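J.: Keeping their order, the protein sequence lines are chains H and A. Residues in the first sequence are numbered from 1 upward in steps of one, following the numbering used here. Residues in the second sequence are numbered from 1 upward in steps of one, following the numbering used here.
Since the hints were made in silico from the structure, they are not lab data. A hint or two may mislead.
Which copy is meant is left open, so a pair is good if it fits within one copy or across any two.
With a straight-line cut-off of 30 angstroms between C-alpha atoms, the simulated DSS-like cross-links for lysine-lysine are [as the list claims (entries may be wrong)]: (1) Lys93 <-> Lys293; (2) Lys370 <-> Lys213; (3) Lys370 <-> Lys339; (4) Lys93 <-> Lys370; (5) Lys213 <-> Lys328; (6) Lys305 <-> Lys213; (7) Lys93 <-> Lys339.
None of these values were measured; they are calculated from a predicted model.
Listed here are the chains, written in short residue letters.
2 protein chains.
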Amino acid sequence: MINHGGYRRLADYQKRERSMQKILAGMRVVEGSAFVAAPSGGMTLAQLGADVIRFDPIGGGIDYRRWPVTSSNQSLYWHSLNKGKRSIAVDFKREEGRELLTQLITVPGDDAGLFLTNFPAKGWLADESLRQHRQDLIYLNLTGDRHGGSALDYTVNCQVGFPQLNQFDDSGGERPLNNPLPAWDVIAGQQIALGILAAERHRRLTGEGQFIKLALADVALATVGNLGYIAEATINNQPREPMGNHIYGTFGRDFCCRDGHRVMIVGVSPNQWRSIVRAMGIEGAVTSLAADKGLDFSREGDRFKARTALAALIEPWFAQRDFADANKLLDEHNVCWGKYQSVNELVDIDPECSEDNPLFSTVEQPGIGKYLMPGSPLYFGAVSRETVVAAPELGQHTDEILLDTLGLSSGEIGRLHDAGIIAGITNN
Amino acid sequence: MINHGGYRRLADYQKRERSMQKILAGMRVVEGSAFVAAPSGGMTLAQLGADVIRFDPIGGGIDYRRWPVTSSNQSLYWHSLNKGKRSIAVDFKREEGRELLTQLITVPGDDAGLFLTNFPAKGWLADESLRQHRQDLIYLNLTGDRHGGSALDYTVNCQVGFPQLNQFDDSGGERPLNNPLPAWDVIAGQQIALGILAAERHRRLTGEGQFIKLALADVALATVGNLGYIAEATINNQPREPMGNHIYGTFGRDFCCRDGHRVMIVGVSPNQWRSIVRAMGIEGAVTSLAADKGLDFSREGDRFKARTALAALIEPWFAQRDFADANKLLDEHNVCWGKYQSVNELVDIDPECSEDNPLFSTVEQPGIGKYLMPGSPLYFGAVSRETVVAAPELGQHTDEILLDTLGLSSGEIGRLHDAGIIAGITNN
């Protein structure tokens with residue numbers, strides 16, 4: 001099939017110098033943020049090559065010292081969520097600081113006029129206030145809930161029902177267990193990056209900017225819908241009971257090896273299920289069980305119905321083996337499985353969490369030390385992989401941003417420093 | 001500040017007919033997928049206005065009947081993850097079926113040549129195979145791990161350490177608890193949508209297509225790094241202990257009301273913390289506690305250190321009140337809080353999960369019934385909100401796609417039906 005459009009562009013492309021080495025070249029985003037969701041959205045764009053400028057108050061914002069911290073009170077949380085950004089420190093309690101940031105947010109050019117924040121869109125940050133300086137501004141605002149109210153991952157999560165599902169079926173008590181992973185924050189962060197890109201595309205095609213809203217609570221509510229829970233509650237009207245570490249609707253559970261190591265195995269696809277049965281050598285027992293119960297274990301749902309009995313057939317296999325043997329046999333039979341590890345074990349011994357994995361680089365974080373930092377999990381064939389860049393020091397790029405982006409003179413910059421409106425790197 | 005570029009484009013825009021009513025107008029994506037991650041990526045794009053064509057084998061793929069199912073074996077899972085797409089049913093075990101899909105994936109035009117799949121990129125789905133038909137194809141492939149191996153959310157999650165953190169500190173046993181939310185699948189889905197958009201932007205600017213890779217395991221590993229856990233394990237070398245429903249590094253925990261309802265309260269910001277103290281009327285006790293322990297509760301970290309004692313000061317307040325009273329007082333004092341609900345409670349009584357929330361519409365899913373379906377949580381100011389569209393019936397759009405997109409004649413389409421290469425809606 002001849003693709004004239006494609007060949008024509010390719011020829012043009014070959015004539016042109018290969019200047020685009022970043023997948024998001026030519027994008028400058030200003031970020032006013034705190035905590036997880038908004039910063040991770042900005043960082044996602046930064047790690048794909050966008051120039052992301054995060055502004056903070058002088059001395060740092062409300063999240064600058066969040067735990068975990070080092071012995072010298074440097075936040076590992078903050079530095080992990082702000083890799084690859086540039087940092088400008090501005091006192092935006094003062095009018096002159098707000099004017100400076102307004103200029104930065106609304107600087108002209110196709111590659112600029114992109115702003116994301118989870119600060120309230122009021123006062124100087126109201127859409128109308130900023131948009132008068134740049135009509136085609138793209139402005140994404142994250143709120144806790146759709147009413148503009150305060151909400152965090154953990155207050156949203158319990159309302160959408162997941163902790164209620166998170167119990168062992170023999171727990172006796174009825175205390176739901178929260179998830180330490182702030183999943184809604186992380187998902188919202190990805191949605192923020194997506195929203196910015198979608199709006200940038202729209203502006204390229206139409207010239208139009210816009211105000212984009214996203215509420216953390218809606219991210220959770222949409223997900224609960226998308227995963228089928230709302231439909232199930234409505235159509236089947238059947239509450240899903242807690243089932244510990246069994247995976248709903250299929251066969252999958254954790255098992256403990258003789259030496260205490262724990263392993264998750266899953267038989268979701270027919271091949272995966274067959275691999276488990278073969279590896280465990282339980283073909284006969286499984287066939288009898290199916291006959292006894294009138295079930296067909298080629299169906300996931302039937303495996304789920306018989307999960308307790310199936311798990312009982314499998315437990316001895318693990319109980320009789322140390323992890324190293326189990327590992328070997330599971331791999332030989334192509335079982336789909338994973339090992340339970342603590343974060344420390346992951347970091348200390350797992351090659352997937354090392355420089356063997358091109359996702360990671362060992363990078364020095366000034367004032368903290370060297371550790372493995374991940375880049376984006378996306379690998380784009382057309383461009384070189386982005387170097388993983390540490391988080392900025394607070395105020396590290398204040399002067400260069402004012403010089404290059406706003407065209408201020410060194411005199412003006414000096415005056416702003418003297419007036420305490422801006423700051424560079426200070427003794428943190 | 002005069003923005004000449006912006007005004008010029010705006011004037012042009014005003015002259016042009018307002019034809020772009022979807023934020024992702026002019027994007028056609030072909031999706032070959034199963035399970036959660038890839039379909040949710042495609043659905044994310046569909047719900048922003050892209051034309052997403054999902055292909056499946058005749059009769060449905062490996063995920064078509066996944067639980068939860070209705071009494072007539074319709075999958076609420078599948079239909080929730082494939083809203084708004086078009087469906088073509090093709091027997092791609094046969095050469096002619098593969099040729100048809102190859103044509104569909106590589107059809108020319110700026111708006112096409114976008115393909116996402118979590119099928120192995122081998123054989124007819126190898127990048128080289130498809131790219132010979134369209135040089136600037138954008139092809140995103142999701143794998144389980146970076147080696148191309150099989151991995152699922154649940155086998156990845158235990159390896160990155162979260163279940164180990166998910167225990168009550170008084171649990172006695174050491175059984176880690178999985179999270180029923182397949183967070184890595186959902187996050188990967190968002191990254192898939194992001195990757196496609198980023199590559200489409202790159203192609204608009206340079207003419208270049210590309211092969212993009214994403215591994216589910218890398219999504220989890222990157223997140224564990226981005227949330228500071230890897231840095232903490234390396235720099236502080238201090239394993240994080242399980243802490244039940246306490247939020248690490250701050251004050252936040254669940255509390256039980258007199259009538260058994262459970263509530264999560266968080267005091268992350270200074271305002272939020274003060275609201276809790278005022279609402280509970282525990283100013284004096286908190287001050288004494290701080291003095292006794294030599295701590296400063298204006299610091300999040302110090303609130304965390306004293307979390308057990310602080311929780312003990314708060315528990316009686318909840319124990320003495322039914323939920324309705326607690327609700328009222330918490331709101332009066334602007335406490336940041338959330339109620340623990342089951343999914344059924346969410347669906348039955350929570351106005352946030354109703355048509356009061358513009359996120360949701362009640363939509364009929366053919367063969368299943370009516371229920372609340374969410375659209376995208378992103379609200380784009382420049383376009384009308386997308387109507388929430390049900391999932392397709394399998395094969396619903398086979399003929400129209402072949403007619404409109406591939407330009408086949410009805411004779412050719414008829415022959416393909418007769419030969420069993422394609423199918424429309426069958427009795428499912």
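J.: Are the hints correct? Go through all of them and say.
T.: Here is how each hint holds up against the structure:
no.: 1; hint: Lys93 <-> Lys293; verdict: neither (70 angstroms within a copy, 34 angstroms between copies)
no.: 2; hint: Lys370 <-> Lys213; verdict: between (37 angstroms within a copy, 28 angstroms between copies)
no.: 3; hint: Lys370 <-> Lys339; verdict: within (27 angstroms within a copy, 41 angstroms between copies)
no.: 4; hint: Lys93 <-> Lys370; verdict: neither (35 angstroms within a copy, 50 angstroms between copies)
no.: 5; hint: Lys213 <-> Lys328; verdict: between (50 angstroms within a copy, 28 angstroms between copies)
no.: 6; hint: Lys305 <-> Lys213; verdict: neither (43 angstroms within a copy, 36 angstroms between copies)
no.: 7; hint: Lys93 <-> Lys339; verdict: neither (50 angstroms within a copy, 35 angstroms between copies)
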